[in-house]
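Chemist: The sequence shown lines up with residues 7 to 162 when you count with my numbering.
Pairwise CB distance ranges, derived in the manner of DEER restraints:
| no. | residue 1 | residue 2 | range |
| --- | --- | --- | --- |
| 1 | N74 | Q42 | 28 to 34 Å |
| 2 | E128 | W154 | 25 to 31 Å |
| 3 | Q42 | P97 | 36 to 42 Å |
| 4 | D112 | N74 | 17 to 23 Å |
| 5 | Q151 | E27 | 29 to 35 Å |
| 6 | G50 | R140 | 15 to 21 Å |
Rather than coming from a laboratory, the hints here were simulated on the basis of the structure.
Note that the Cβ used here is the ideal one computed from N, Cα and C, for glycine as well.
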Amino acid sequence: MKALLFLGLSFFAPLALLRAEGKVFGRCELARLLRQRGFSGFVGRKVADWVCLACHESGYRTDAVHDNGSSRDYGIFQINSLYWCDDGKTPGTKNACRIPCSRLLDDNIEDDIRCARMIALEARGLTPWVAWNRYCQGDVDPYVQGCWHRDFGNIL
7 MKALLFLGLS
17 FFAPLALLRA
27 EGKVFGRCEL
37 ARLLRQRGFS
47 GFVGRKVADW
57 VCLACHESGY
67 RTDAVHDNGS
77 SRDYGIFQIN
87 SLYWCDDGKT
97 PGTKNACRIP
107 CSRLLDDNIE
117 DDIRCARMIA
127 LEARGLTPWV
137 AWNRYCQGDV
147 DPYVQGCWHR
157 DFGNIL
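From just these sequences and the hints, can you work out the full model?
Modeler: Next up, the structure:
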């Protein structure tokens, strides 16, 4: 019996450790956090635009990584290693956000938010994100529908 318990713990303990690093945000959980951090109206966009972006870039997963060949995208906002963060693998990285890419993969997205704001400010919008260009050009209000205690419509 002790052997079975040991084998079970040996198998599941590493899985629990792997899972502890990343987080899958709920749609409304992310919307409320972004609203608290001043994303409503930031660079002329609504919180709904950012939630749409995160949905299509990472599926709201903080541990998402996409390999582009010569660079990679990291975290809930899929921040690129060539320009914005340093992953130690991308030759010629600019690391404009002055952050290791690994910090974009944990469940604390404060550093992701700071970097995403920097990207959006430089671009004067969300055009650097392929998923936003592809999926978030129309009515994005459904991405935050029901997320507020009182629904303020399309102003958020």
